[in-house]
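Chains F and G, in that order, give the protein sequences.
Start counting the first sequence at 1; every next residue gets the next number (the numbering used here).
Start counting the second sequence at 1; every next residue gets the next number (the numbering used here).
The set of hints was computed from the structure by calculation and includes no laboratory data.
Source: prediction; values computed, not measured.
C-beta atoms are modelled at their ideal positions from N, C-alpha and C, and glycine is treated no differently.
Incorrect hints may have been included.
[To be verified] Dumping the calculated DMTMM-like pairs for lysine to aspartate or glutamate here, alpha-carbon to alpha-carbon at most 25 Å:
(1) F:Lys78 - G:Asp132
(2) F:Lys92 - F:Glu24
(3) F:Lys78 - G:Glu59
(4) F:Lys78 - G:Glu23
[Said to hold, decoys possible] Ranges between beta-carbon positions, derived for each pair:
(5) F:Asp68 - G:Ala91: 46 to 56 Å
(6) F:Arg61 - G:Ala38: 41 to 51 Å
(7) F:Arg64 - G:Ala25: 16 to 26 Å
(8) G:Thr64 - F:Thr72: 49 to 59 Å
(9) F:Leu173 - G:Gln62: 22 to 32 Å
(10) G:Cys34 - F:Arg61: 45 to 55 Å
(11) G:Ala91 - F:Asp172: 40 to 50 Å
(12) F:Arg69 - G:Leu26: 40 to 50 Å
(13) F:Asp29 - G:Cys34: 25 to 35 Å
(14) G:Ala42 - F:Ala145: 19 to 29 Å
(15) G:Asn99 - F:Thr72: 46 to 56 Å
(16) F:Val127 - G:Gln67: 55 to 65 Å
What follows is the residue order along each chain.
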Amino acid sequence: MAELAQSALALGLDRECETHLRLERLVLDHQEALARYVRRFLGERDASLDVVQDVFLAAHRVLRADADRPLTAGWLYKAATNLAISHLRRRKRRGIAVPLSEIGAAFSADESTAVSLDLQRALGRLVPEQLACVMLTAYAGYSSAEAALILGISPEAVRQRVCRAMRTMRSDLRETG
Amino acid sequence: MRSHDYFEGLCGAIALGEATRYERALFLLHARRCSLCAQDTAVRDGELRALAREVRGSERWQPTVRQTVSVRIQEGQARGRRRTMQALGYACTASLLLNFVCSIGFPQRLIAALTPLPQPQLSSVPLRVIADVVVHAPRVPAR
C-alpha cells in the first residue's frame with residue numbers, strides 16, 4: 001500500500017495517497033486481531049484471511065468515497081462480523097460442514113492448548129447470531145452495549161443471546177468431557 | 001412481573017461481568033423458581049470473558065494480509081480502468097456507426113417508409129350519374 005501511496009503522490013493525487021496511507025495504518029494495526037477473530041468465528045484459516053481481505057477492501061472503498069470518514073476498529077469488526085455471518089450462512093446453505101480435523105489443523109499449528117480447541121468446537125455449534133454476540137463481547141472485548149451498536153440490536157438482546165449461547169456451549173463441553 | 005427473557009439477559013450480563021450485585025441477587029432469586037435458570041447459578045462473574053482471555057493468550061498466529069490487499073486493490077483499479085476503456089470504445093464505435101448511417105440518408109428513407117399515406121377521403125357531395133345519350137343513325141340496308 002505504501003507503493004500505491006507513492007504512485008498516487010507521483011501522479012499528484014493527494015487524496016488517493018492519503019487514502020492509501022490511512023488504509024495501510026488500518027491494516028497494520030488490526031490485521032492480526034481481525035484475522036484471529038474471524039478464524040475463531042469460522043473455524044477455518046483460509047476463509048478467515050479471505051474475509052479479512054474483503055473487510056479491508058470495503059474499508060478502501062469507503063475511504064475513497066469519503067477520505068475524511070473516521071474508520072474505527074468497531075467499523076472493521078462490524079464488517080468482519082457481517083461477512084463472517086454471510087460466509088457461515090452460505091456454508092450452511094451449501095451443506096458444507098467443516099470437518100473437526102480441519103478445525104484442529106486450523107488451530108493446532110499455532111495453539112496446541114486443549115481449551116482453545118474445545119472452545120472452537122463449542123463455538124461451532126452456535127447459530128451465527130449467538131456466535132456474533134459471544135465473539136464481540138467475550139473475544140473482542142466489547143461491552144454488551146457496544147456489541148449491540150455494532151450488531152444493530154438492543155443490549156438486552158445481546159445479553160440474552162450470550163446466555164443462550166453459554167447454555168449450548170456448556171452442554172457441548174459437558175458432552176465432550 | 002418480569003419475563004424470563006429479562007433474567008436470561010441478567011445471566012448473560014453476569015457471564016460478561018457486567019452485572020451489579022443487585023442484579024446478581026435478583027437472578028439467583030429467580031433461579032430458585034426456574035428450572036432452566038437453575039443450571040446457570042454456577043456462572044461466575046465474567047466467566048466467559050476469562051475463558052476467552054485465556055484462549056486469546058494462547059494464540060500465536062500472526063497472519064499478514066497487507067500485500068494481498070495491496071495486490072487486490074491494484075487489480076481492482078486495473079479492472080476499473082479496463083472497463084472504462086471498454087465502455088469508451090463501445091461508445092466511440094456506436095457513435096461512428098450512427099454517423100455513417102446518418103450520412104447515407106438512411107433515417108430519412110426509413111422515416112418516409114414508415115410514415116403512413118394519407119387516408120382516402122370520400123366527398124360528402126352526393127354523386128351524380130351523367131348519362132350521355134348517343135343517338136345513332138337508323139341503319140339502312142345495303143343496296
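Structure-based check of each hint:
1. Among the hinted pairs, Lys78 of chain F with Asp132 of chain G is inconsistent with the structure: their alpha-carbon atoms are about 103 Å apart, more than 25 Å.
2. The straight-line distance between the Cα atoms of Lys92 of chain F and Glu24 of chain F is roughly 34 Å, outside the 25 Å bound, and the hint therefore fails.
3. Between Lys78 of chain F and Glu59 of chain G the alpha-carbon distance is near 22 Å, which keeps this suggested pair within the 25 Å criterion.
4. Taking the CA atoms of Lys78 of chain F and Glu23 of chain G, the gap is about 29 Å. The hint is violated against a cut of 25 Å.
5. Take Asp68 of chain F and Ala91 of chain G: their Cβ atoms lie about 34 Å apart, and the range 46 to 56 Å is violated.
6. Separated by about 50 Å at the C-beta atoms, Arg61 of chain F and Ala38 of chain G satisfy the suggested range of 41 to 51 Å.
7. Between Arg64 of chain F and Ala25 of chain G the C-beta distance comes to about 53 Å, which lies outside the given range of 16 to 26 Å.
8. In this structure, Thr64 of chain G and Thr72 of chain F break the distance hint of 49 to 59 Å, their C-beta atoms being roughly 21 Å apart.
9. A C-beta distance of roughly 28 Å is found between Leu173 of chain F and Gln62 of chain G, which places it inside the suggested range of 22 to 32 Å.
10. Taking the beta carbon of each, Cys34 of chain G and Arg61 of chain F are about 48 Å apart, inside 45 to 55 Å as hinted.
11. At roughly 60 Å, the beta carbons of Ala91 of chain G and Asp172 of chain F sit outside the given window of 40 to 50 Å.
12. About 42 Å separates the C-beta atoms of Arg69 of chain F and Leu26 of chain G, a value consistent with the hinted range of 40 to 50 Å.
13. Remark: the range hint 25 to 35 Å for Asp29 of chain F to Cys34 of chain G is contradicted by a beta-carbon distance near 45 Å.
14. Here the CB-CB span from Ala42 of chain G to Ala145 of chain F is close to 26 Å, well matched to the stated 19 to 29 Å.
15. As the Cβ distance of Asn99 of chain G to Thr72 of chain F is approximately 54 Å, the hint placing it in 46 to 56 Å holds.
16. Checked against the given bound of 55 to 65 Å, the beta carbons of Val127 of chain F and Gln67 of chain G, roughly 35 Å apart, lie outside it.
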